[in-house]
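Colleague: Residues in the sequence shown are numbered consecutively from 0, following numbering that gives the first Met the number 0.
It should be emphasised that the hints constitute simulated quantities derived from the structure, not laboratory data.
Worth double-checking, as some hints may not be accurate.
Unchecked claim - Keeping only pairs whose Cα atoms sit at most 27 Å apart, straight-line, the calculated DSSO-like set for lysine-lysine is: (1) Lys31 to Lys98; (2) Lys98 to Lys187; (3) Lys187 to Lys431; (4) Lys431 to Lys98.
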Amino acid sequence: MKWDWLVRRPLAVIGAAFSAGALLEAGLPEVKAVLVIAFVLAAFSLLCSIAFPPQRLFWGTVCALALGCGLTRWRLPPVPPDLQPPFDGIVASAPLLTKDGYRLLLQVRNEQGSDAFVQISIRTDELPQWQIGDVVRVEKFWGRATNWRRLRFQRIFWLGRAEHEVIRWLNHRHDAFVWQQKREQWRKFVFERWQRSLPMRERTATMAALASIVFGMRTVAVSEADEVAFTRSGLAHLFVPSGSQVTLLMGLAWLAYRTLNLPPLPLLLLLLSFYLPLTRGEPSIFRAVLMGLYAFGGWQWFRDVDWHTALWLSSALLIALEPAMLHDAGFQLSYAATFGLIYATPSLLRWLRWLPEWLWFPMAATLSAQLFLTPLLAHYFGRISVVAPVANWFALMPASAALTCGFVAALLSLAAPLLAMPLSLAAGEIAKWVVATAHLFAGFPYAVIHVAPLTGVQTLLLLMLLVGVTAWLGQDNAAANAQSPSPKQCLGRRCPRSTADRR
0 MKWDWLVRRP LAVIGAAFSA GALLEAGLPE VKAVLVIAFV LAAFSLLCSI AFPPQRLFWG
60 TVCALALGCG LTRWRLPPVP PDLQPPFDGI VASAPLLTKD GYRLLLQVRN EQGSDAFVQI
120 SIRTDELPQW QIGDVVRVEK FWGRATNWRR LRFQRIFWLG RAEHEVIRWL NHRHDAFVWQ
180 QKREQWRKFV FERWQRSLPM RERTATMAAL ASIVFGMRTV AVSEADEVAF TRSGLAHLFV
240 PSGSQVTLLM GLAWLAYRTL NLPPLPLLLL LLSFYLPLTR GEPSIFRAVL MGLYAFGGWQ
300 WFRDVDWHTA LWLSSALLIA LEPAMLHDAG FQLSYAATFG LIYATPSLLR WLRWLPEWLW
360 FPMAATLSAQ LFLTPLLAHY FGRISVVAPV ANWFALMPAS AALTCGFVAA LLSLAAPLLA
420 MPLSLAAGEI AKWVVATAHL FAGFPYAVIH VAPLTGVQTL LLLMLLVGVT AWLGQDNAAA
480 NAQSPSPKQC LGRRCPRSTA DRR
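Construct the complete structure from the given sequences, taking the supplied hints into account.
Modeller: Right, dumping it as structure tokens:
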């Protein structure tokens, strides 16, 4: 049957339906009837799935679709009135450096008495001195209430700007945002210990590239010229913690299990507890962690991993826990690239057989990810990197080496910075080579094509078209593999290898 793979992957279908329902919610009017209809449909389809076992997957899919829509709408807070200065607020996160100043997130009280947040862009040449837990008063503020769903789910209700001089420090609350304060202290401690593993002359230039690749400290350590180069060359994803970092942690845990007979899962969780607080909580790292834990458990206990289920189940879990992620550009880019890797790579492998075998799979994986990233890049940034597939092929292996050496050096530097110095120096030199590669490809005259930004509807339609073409090519790929001779038919004679065998 053409769709038998759906029956074999019920969790993937349910997860995809839940994610689609959450996305559908954004296009529906904000009336109470939508919430009522969604929950009634979910209850009705759940009863039908119990009453009609042969159609259980169909009704379960409808139930997940309705639940995704209903739960997301239920958690969407209403838009409050405008925020009038002066007002007091508590610094909720470390100031985020920007090109012309910094961005400050304050917790304030709205008229209903519940907690809300305001995000203020501040233009200044001075470095921010605010710490998490500082109570400040904003004397003047130019802003408005926002209707962006990503910010509303995070309870960031107001966006605006202010001058550095109109923000006055009042006091500090040690009981406010304790977890965030501990995380910032941990990040500062690890980063300072790591810096000691390098000679003084190398701490600025080397750490600038290395910290960005290993921990995603993009705004802290990367110059504007380097950031532009990575953007033009299509290598900006190297500055965002994602699957590469989680794969490294899984590899270290598995290596310790094979060599020292240490329990792999507790060791992996320990490594994640060390690494995750050092990042800024990007959606891509949570996607990679969930898929990595699913894969790690599958390899350890079942010796098999279904990446389709891992992809859609992780997306449904993240959206259920934090609906704001669905409307985050990083979340969408991460899942689009992973979708292309899982679904489009097998079809592209058939079209790239003319390439040398050592170039076959890397180029197919790079092209498949870039194919599904292109509509989103055009929508959010209005540009498409033409050199990205080639630049990624040259930069991914060195970046992985820098990541591995840098992460191990960061671990060693906690105990003895001098022991970590050789690895830190090696990782730093490799990271400089990655930066030079980005500048090389960014220097081409037509490295980037600027296009008119796509609307949300245009982006969604283009992605649906790509999914349809991928599904059609996937059917041809399955038919070609089905026509390949079985091992029993090959007894006594030589048979050509199928695509799956070559992989």
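Colleague: Quick check: which numbered hints come out false for this structure?
Modeller: The structure breaks only hint 1.
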